[in-house]
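J.: With the hints as extra help, turn the sequences into a complete structure.
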Amino acid sequence: MRIVNPSFGRQLDAGAKAVSEKSPTDWLNDPVAIISNSKPNAMELLQGVRKLMGEFRSIDNVDYMDKPSAAHPAPPELVERVINNYRGAIVALAD
Amino acid sequence: MSDPLNDEFLDLGDMDFDAFNDFAIDQGWSDGMPMIPPTEAKVAACVATCHGDNAPFPPMSPRLVLPTLETIAANAVMAGCKPEYFPAVVASVRAILNPDYNLHGTLATTHPCAPMIVVNGPARNVMGINCGANCFGQGWRSNASIGRALMLTMMNVGGGKPGDMDRSTQGSPAKYSFCFGENEEESPWEPYHVRRGFNAEDSVVTLLPAEPPHNVNDHGSTTGDGLLQTIAGSISQTGANTIYGSAPFMVVIGPEHAATMKRDGWTVPAIQEKLHHDSATPVERVSKENQKNYEERGQVIQNGRYYHSRTPEDIQVVVAGGPGKHSAVIPTFGFTEACSERLPIR
Numbered sequence: 001m002r003i004v005n006p007s008f009g010r011q012l013d014a015g016a017k018a019v020s021e022k023s024p025t026d027w028l029n030d031p032v033a034i035i036s037n038s039k040p041n042a043m044e045l046l047q048g049v050r051k052l053m054g055e056f057r058s059i060d061n062v063d064y065m066d067k068p069s070a071a072h073p074a075p076p077e078l079v080e081r082v083i084n085n086y087r088g089a090i091v092a093l094a095d
Numbered sequence: 001m002s003d004p005l006n007d008e009f010l011d012l013g014d015m016d017f018d019a020f021n022d023f024a025i026d027q028g029w030s031d032g033m034p035m036i037p038p039t040e041a042k043v044a045a046c047v048a049t050c051h052g053d054n055a056p057f058p059p060m061s062p063r064l065v066l067p068t069l070e071t072i073a074a075n076a077v078m079a080g081c082k083p084e085y086f087p088a089v090v091a092s093v094r095a096i097l098n099p100d101y102n103l104h105g106t107l108a109t110t111h112p113c114a115p116m117i118v119v120n121g122p123a124r125n126v127m128g129i130n131c132g133a134n135c136f137g138q139g140w141r142s143n144a145s146i147g148r149a150l151m152l153t154m155m156n157v158g159g160g161k162p163g164d165m166d167r168s169t170q171g172s173p174a175k176y177s178f179c180f181g182e183n184e185e186e187s188p189w190e191p192y193h194v195r196r197g198f199n200a201e202d203s204v205v206t207l208l209p210a211e212p213p214h215n216v217n218d219h220g221s222t223t224g225d226g227l228l229q230t231i232a233g234s235i236s237q238t239g240a241n242t243i244y245g246s247a248p249f250m251v252v253i254g255p256e257h258a259a260t261m262k263r264d265g266w267t268v269p270a271i272q273e274k275l276h277h278d279s280a281t282p283v284e285r286v287s288k289e290n291q292k293n294y295e296e297r298g299q300v301i302q303n304g305r306y307y308h309s310r311t312p313e314d315i316q317v318v319v320a321g322g323p324g325k326h327s328a329v330i331p332t333f334g335f336t337e338a339c340s341e342r343l344p345i346r
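Protein chains in written order, with this note's numbering: chain A, 1 to 95; chain B, 1 to 346.
FYI, nobody ran anything at the bench for these hints, they're computed from the structure. Just so it is clear, CB atoms sit at the ideal spot from N, CA and C, and this is done for glycine as well. One or more hints might be untrue.
Pairs of lysine-lysine residues, derived as BS3-like cross-links and limited to a Cα-Cα distance of at most 27 Å, are as follows [unchecked claim]:
#1 K325(B) x K274(B)
#2 K82(B) x K42(B)
#3 K51(A) x K292(B)
#4 K292(B) x K67(A)
#5 K161(B) x K39(A)
#6 K67(A) x K39(A)
#7 K292(B) x K39(A)
What follows is a set of in silico ranges between Cβ atoms, one per label pair, in the way DEER data are often shown [unchecked claim]:
#8 F17(B) x P24(A): 45 to 53 Å
#9 I36(B) x K51(A): 54 to 62 Å
#10 I36(B) x Q47(A): 48 to 56 Å
#11 P24(A) x R195(B): 50 to 58 Å
#12 R57(A) x D18(B): 49 to 57 Å
#13 I90(A) x Q291(B): 29 to 37 Å
#14 A200(B) x G88(A): 54 to 62 Å
T.: Here you go:
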């Protein structure tokens, strides 16, 4: 029996490949984005995470940011900002 | 070496029906119920019904791959669609890929929304879509398989797998299939799609990310005013997403309730206007913690109430069902718009 693959989809041009070819993230020194999904209590959770990070690394380059709406995807500008300025991201799923 | 399971066609040897279903479950293709193998011949028969529909599909969240007519048809075959149902599936896929629908948000959310399909126009009769008694329920192959085909496409092409990229806390039975038609023949008003700017001869699907129907039982009210008071009270629940994300939602009026409203002079715009105001939830019914939460999200209190709709036109009024004194309220995810698509057939 020959079938059509129900999960087949044509791939978009993957920009992510260039990112993956960079050197691994140095979580003790590299700039890190802390991103809130804007759900209730997400920022409180992330503030705790940043404080804990401060016990073993500098947090001068660990920055908060958030989505404008919990119900919508992160806007492309935010994704671009994270890609261009940070080597790691911590995202809150705060439900 | 590439994974052969990423290929467009798969040779499964002499696999029989049961073995195919075991294989499909292993691949994560199944919604839990048995499926028809999507052989090339069955897929081709579906695709042939959309001959000339060559508009490319945008990427489907969250996997962000580009669907093809063939892969959508493979899911339609697995769902049990007859080929003549396929134009409704394709139009539904195009509707959820409209950015206003907010497909990514509806999958990433913990809310249990499912894509609700309302069918209008001649296709309802061509496809045998149930618009009357038990229209939300079992018993009609077209209703069941069209809605199921859309969900399978979202899972298998879009990657919205339950518990993975479909993050719903509890899900809902509507995630198996949620498709019905408007009972245009028993509606005292213009068909829904005509009110949305289409021609009566067009066949149209309209989609919203929705909860299952919430029943509105009203055997006692004998006036349009009384019936609308009951419906407004059913909308006005404190746990609705729309209480902090005002957006379109649906009110499905049973034909007997609709006839009473029409007798009393109610038009659709007048119904929308009344429900818009009367369904707003009084602040004192909402917990203090949620009042603070909604304030932080920018939800405005008007006249001491939280409005579930932004405008009267947000309230999508259709007529469906059979004999009996019941209507339904269908809450939505909020943060969305009703998205309509004309079927690629007359």
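J.: Compare the structure with each hint and give your call.
T.: Here is how each hint holds up against the structure:
Distance restraint check for K325(B) and K274(B): the Cα-Cα separation of roughly 20 Å lies within the 27 Å cut-off, and the hinted pair is therefore satisfied. As the CA atoms of K82(B) and K42(B) are separated by approximately 9 Å, the hinted pair is consistent with the 27 Å bound. For the suggested pair K51(A) and K292(B), the alpha carbons sit about 26 Å apart, so the restraint of at most 27 Å is met. Distance check on the hinted pair: K292(B) and K67(A) sit about 19 Å apart at the alpha-carbon level, within 27 Å; holds.
For the hint linking K161(B) to K39(A), the alpha-carbon distance of about 22 Å falls within 27 Å, and the restraint holds. The hinted pair formed by K67(A) and K39(A) meets the criterion: a straight-line CA distance of about 9 Å does not exceed 27 Å. Of the pairs offered as hints, the one joining K292(B) and K39(A) holds, with about 13 Å between alpha carbons and a cut-off of 27 Å not exceeded. Taken as a hint, the range 45 to 53 Å holds for the pair F17(B) and P24(A), whose Cβ atoms sit roughly 47 Å apart.
Taken as a hint, the range 54 to 62 Å holds for the pair I36(B) and K51(A), whose Cβ atoms sit roughly 55 Å apart. Checked against the hint of 48 to 56 Å, the pair I36(B) and Q47(A) passes, with Cβ atoms roughly 52 Å apart. Between P24(A) and R195(B) the CB atoms are about 57 Å apart, so this pair conforms to the stated range of 50 to 58 Å. Roughly 56 Å separates the CB atoms of R57(A) and D18(B), a value that falls within the hinted 49 to 57 Å.
In this structure the hint that I90(A) and Q291(B) lie 29 to 37 Å apart at CB holds, the actual value being about 30 Å. Between A200(B) and G88(A), the C-beta spacing of about 56 Å keeps the proposed range 54 to 62 Å intact.
Against the hints set out earlier in the document, no violation occurs for any number.
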